[in-house]
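Asks: Residue numbers (full-length UniProt numbering), protein chains in the order written: chain A, 1 to 557; chain B, 1 to 332.
Accuracy of the hints is not assured; some may be wrong.
What follows is a list of derived Cβ distance ranges for each label pair [said to hold, decoys possible]:
#1 B:223 to A:290: 50 to 60 angstroms
#2 A:50 to B:13: 48 to 58 angstroms
#3 A:306 to B:64: 40 to 50 angstroms
#4 B:280 to A:302: 29 to 39 angstroms
#5 B:20 to A:384: 40 to 50 angstroms
#6 A:132 to B:19: 48 to 58 angstroms
#7 A:307 to B:59: 46 to 56 angstroms
#8 A:434 to B:242: 31 to 41 angstroms
#9 A:237 to B:328: 34 to 44 angstroms
#10 B:20 to A:132: 48 to 58 angstroms
#11 B:13 to A:519: 27 to 37 angstroms
#12 B:141 to A:513: 49 to 59 angstroms
#13 A:307 to B:155: 44 to 54 angstroms
#14 B:19 to A:308: 32 to 42 angstroms
Computed footprint of chain B on chain A; a stretch qualifies when at least three of its residues, placed anywhere within it, have a C-beta under 8 angstroms from a C-beta of chain B [unchecked claim]:
#15 82-94
#16 106-115
#17 121-135
No lab work stands behind these hints: they were computed from the structure.
Where a beta carbon is used, it is the ideal one built from N, C-alpha and C, also for glycine.
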Amino acid sequence: MTGTLVEVTDLAVTFPAGDDPAGRAGVRAVDGISFSLAPGRALGIVGESGSGKSTVAAALLDLHRGTGARVEGTVRVDGHDVLAAPEAELRRLRGGTAAMIFQDPLSALDPYHAIGDQIAEVHRVHRPDASRRTARARAVAALDRVGIADAARRARSRPHEFSGGMRQRALLAMALACEPRLLIADEPTTALDVTVQAQILDLLHELRTETGTGLILVTHDLGVVAGGVDEVLVMRAGRAVEHGPVGEVLGSPAAPYTRELLAAVPRVDAVRPRPAVPAPRTPGPPAGEPPLLEAVGLRREFGPRRARTTAVDDVSLTVRAGETLGLVGESGSGKTTLGRMLVRLLDPTAGTLRYRGREIGSLGERALRPIRREVQMVFQDPASSLNPRRTIGESVADPLRAAGGQDGPAIVRRARELLERVGLDPDWYHRHPHELSGGQRQRVGIARALAPGPRLLVCDEPVSALDVTTQAQVMELLGELRRELGLSLVFIAHDLAVVRAVSDRVAVMRSGRIVEEGPVDSVYEDPQHPYTQGLLAAVPVLDPQAAADRRVLRAAA
Amino acid sequence: MTGTTGYLLRKLGGALIVLFLLSVLVYLLFYVAPGDPAKLACGPRCNAEQLHQVRGQLGLDEPLLTRYLHFLAGLVTGRDYSTGTGVLHCPAPCFGLSYQNDQPVTALLAARLPVTASLALGSMVLWLLLGVGTGLLSALRRGGTTERVLTVLTLTGTATPVFITGLLLLMLFCATLQWLPFPSYVPLTEDPEQWAWNLLLPWTTLALLESAKYARLTRSSTLETLAEDHIRTFRAYGLPERTVIGRHALRGALPPVIALNAIDLGTMFGGAMLTETLFGLPGIGQLLVHSVRTVDLPVVVGAVLGIGTAVVLANALADVLYALADRRVTLT
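One chain only, chain B, in its complex shape (with noise of 0.2 angstroms):
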């Protein structure tokens, strides 16, 4: 597995590029664009002394670059911060902290990344099940009215936004129905059942948006792979059908889905921000959407460089996995 190690550390020096590159450019466009974080959160009634020192304590004083440098050092080696009173010590690798409310930037995404990750893996489990299910039916019941009934229900779940989506679940579920709680999110560690109810519409509402992909990558895929010759050999040798599908035609379909998967699954730690919204749950996403609102500068660029190194992380894992599953890939 020598292979698979050096890929990843070459994908890895790659990735602190990327990050880098990604940094950059976020420390760029805030300082170009309008709104003062130091008059934000300074509030409402604030002369200019006041909002003086706010720019002092803030840093916001210093010329781009020295800040840009401050912060990469705070990165390494973790920052101190006066806040007038005492001092305030943000350990390494530090984003800075928060200009609303003074807290590290890590221990804010730290507290929601449980939120995302729920929200992202279950969703997860559900696309799955309806995307490749109604894939695998198609490809092998063409025709049937189960198949159709899924193939357009998963049309109509990707064609639909998520805010119209999520609000119709809502209504029905939640309003008339009343089922189902108006979500507010439960830790799992407290209570699973609540986590589940209440997570069960967001995860529904992300997986019709993602599972036509599936199905039409499950399905062509699995067409493929019916059409090879060595599907013919074991038919030519009397193995039931229900073998030849199950150990062989899956085997060599479901390797792109899988691949597909793991990159989708680093898109979505990066927080669904409309589903997070739309539902008030507490995660990276809402943060994040919130953050710029308030230019608060260092959540932002700590939210996007996480949101960055999930997604680079998930592609190279989708890489690895490609070629755990299928061994005549090497990585290179």
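Here chain A stands alone, though its shape is the one from the complex (with noise of 0.2 angstroms):
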């Protein structure tokens, strides 16, 4: 087979702007990208969020049609000239040469039909000369293929009864299907967890060495491409900044934005300086003195008596004054519920909660309320944890308001001073949530929380929305006001590399239960617990050649 399976030449994408029908310059999403790429071989798009990395992905198989964008240029995939074919030719490239693995497996199958359904559907569009029957019978190999343990009987449950992973599996049958030639994966790992991202990885690789199909990968984490593809494509504001092999862009970069985007990733094994400005471990507290936050024998449990289940378990930890307590875990391990309980967002179950040496788990609201001031919250999602109708003024006035005792202009000359603290321009008191970017408004965030003048913040995921450069600011930042203000935090994350960057100690969570705790390096160099031994050898790392001994140490174990 020789000659090339994608072959992309000067691709343009150009979204209509707004409402406008004259249709002005409208947004270019992508700008002159070329690319080409042999059977088997395998390329990853990387880019932040913006770069018109899923743009290009989409044009491939020309979703645009249809919707407004203008594409230009030419895109060739086995073949077909792709932008110029015929609908009908258009339906048998979609699936049948080319499939295509999206992001966001929870809303990616139809939530109403069995999954089995979906993938047969999908098989008899592209083999019309197939059964009903052979084509269920080809969607449970698929399923079976793709590491659904029962595949026959998981084939007939609907989306919402598969957990995240086995979501992402079953969009890899769907593509499987059909045997195409080319694999095109956008984002597959995103909202999966560490482990599990990499049994996803690992599953495509080996999928690709066995059937030789081509493989686009498109992802925003440096850490997937390593180990994944032949060649990268780095991607910004629609232009390609760097392309070339794996090894090369990622060990020696060209391209300054690469470099940046490589500095911004927080490294697991912390072989560079941490990026967030190294925090002078603080000394204990004076002796004598209780610490800031002690948890002990905290438990929660949710929903109505029969169907009762326990989401935070038996947890005891404490938090000193000036210090970082990372808390690490994967979705559903109760690191939100236990952040929530330590603020008094959700009451205990049982167990003890001491803020200073004074019982606080059972206080009552208005007992509570000097230290509500005290113990603030900052929330993962930034978009959604603001009111969108309120400007970001009022937004970081409301909690200085609230507390009373201040006329309006010094509430508002207060809230300009947040503002500015988190590095915002103060003249954007005004302005409203959505013009703001996912970083700005985690600094809006921020600055609520800091308004009633706290001395604990319990960040729950405050930077897992971001971008890479953007994540590595706003961890910055929380280092510095940490510094200055004499903060304690309590950081809750899944990336075990951001906790480990800003942590001095960390617990490791799981099914609600801590089962590892110690000084930050120490649980990294060398953990005790099989289950953090597992999490760590899941990070992906950089070095391509590393990545792939991994893959081998993860297959033979």
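Hints are included, so try docking the two chains, each in its own frame, into the full complex.
Replies: Shown next, in the form of structure tokens:
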């Protein structure tokens, strides 16, 4: 097999500008991208949000057709001129020749139909001669191939009965159902836990070597491409910044932007100096003083009596003044529930919670008020935790008003100071959240948490919705605030590298319990609990050779 | 399905409480309302002694609480009424006898149920065709002539009061064009063809009133589903647009429509009072209007409780249908 599987020349995609019917200039999401892919090879397209990487992936199947977007240049996939192909040819190509594996497996499948039926339906579109029965058998075989246990039975399940990882596997099975020559995976592991992510990436690699299909892997995560592709294309603002073999691009990047990206990626192995300013390890509190926050045997249950689930089970921890406690765990491990109990947004079912030696776990709302000011929370999704109808200044001023004791002008002055403190222009007081980027919105969230003058901030996944470069900036801000204001932090995250970069001590959570706890370096360098060891082994590394070695190790395990 | 059974039982318990409160409310309302049912039942030439006798027969000389307790007991065990000449038995569940003609309320309601049911079910078919059709057209083929005409039609229908739409239709099709008979109810069991012809105008009147709501809901719900990621998945796998819409988009768009429809149908079973009165259809709505005018307390209470039951059941049915249509929903 010679020649090329994919040949993209001068691809440009322009989206019409808003409601303007004249379609002024529009938004040029992709601008002059060219690349080619030989059969059986893999290309990674990497970029931050808004870089146009997913737009390129969609153009390979001309998914922009009929959406009003203007697509220029040429796209050839397996000999077909995709952009000029008539509808029928394009339909055969979609799924038959090139199959797309979508991001967010929760919504990429029809919630109303059984998973096996959906795969069989796609199969029959491309193999019209296949009977219902063969198509179903084929769907079961595909599910079995991607590692769904008891595939014949699970094929009858609906998407909501599958876990996130299983849904992603099902989408892979759908892509395989028609034996395509090219797989296009758009952020295939973004919503998944590290261990599941590693499994899916290993599976993708295995299938590719087994069937010889080409792969285009679109992701924001440099660690994800390191282990899985031959070449990398780095995109920024619709343009190609760098393009070359994976080892070169990640090992000795030529473009400044690539270097910047690489530098911003937090390293779980901490080979390089930490991106967040190395905080001075605060010495313990003066002897005799109780820890800032202390939880003993905390427990939280949810649900009605008969269907009770325990989200947090017998958790004890301490946060000392000025220190950062990292809390890592996969989704469903109970870390968010625990975080909310620490600030008393949720009431513990059992156990005690002491703030500066005083029991607050069962305190009434009125008695709790002064403590609420000292213990604040920063939420994960700044887009939904800020009221879209209020200006950011008002959002920051709200807690000041609630505290009382200050007049209007003084509150506004203080809110502007806080905006400035978190690195925003105080004149943005009157802007609304939608006018801000994700990183700026998270700064507003931090400013709001700082408003009452807290001693302890519980940050729940504060950077997980952000791009790596923005993530590094927000983490740096948190480090700065902590040093200048003498704050203590509880830093909750699923990303092990991020937690290592900011924490003094770390607690690893699994199924509602803390399985391991200790000083951050000793836990990461010498994990004692098998679960922690597994987590650390699953973290993607940036060195392609090391990534391949790890995959072999995981396969052997 | 134990979850569903348990859910229905809980709903039923709630419904009983609602109906109990409703009956108390209606009783109190009529106690304070003006008008003496005995005087009305007795007729225009009625002396004081006759009036007293009628009052005794109707049980109006007893205190309110006693009357209400008798009513509750009658629901469970049935009641016997002395008519002066003999004893009239009213079997359980007994809502009492009409003050006007001594007929058991349950018999009166049962006689009128087929009329109201015919009206409700027939107009439902029409409003679904018109409303869902218009909604789908405007979601899938925005800006076409048919879509615009239908949208204007449904909006006009909703914005115009029933007695105006109905009167206009009557004048046009029965008086001027003489295509249709002036509606008078013919039972379905007697002559299905005449049944349908006679009900066509009432159906249309109600359907026009309801359809705009369905058009709107169908449209927004379809557009919402079409924007979902799984629609993109199937397009990216080369499914023909017809299949994508028919099998995947509609499946997601219809559950809210089904749920709303169940609630509306329940309300309709309470009788479309204006429509029934306007077209002279002897349904529950008409009965209720007539009984209120004649202060026929037992009939009013019976009809109101009947309507209440229909509405409560329809709401529970809507929840169950929604859960059946969308398996991710669990009833609690």
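Asks: Hint compliance check: list the failing hint numbers for this structure, sorted ascending.
Replies: Of the numbered hints, 4, 11 do not hold.
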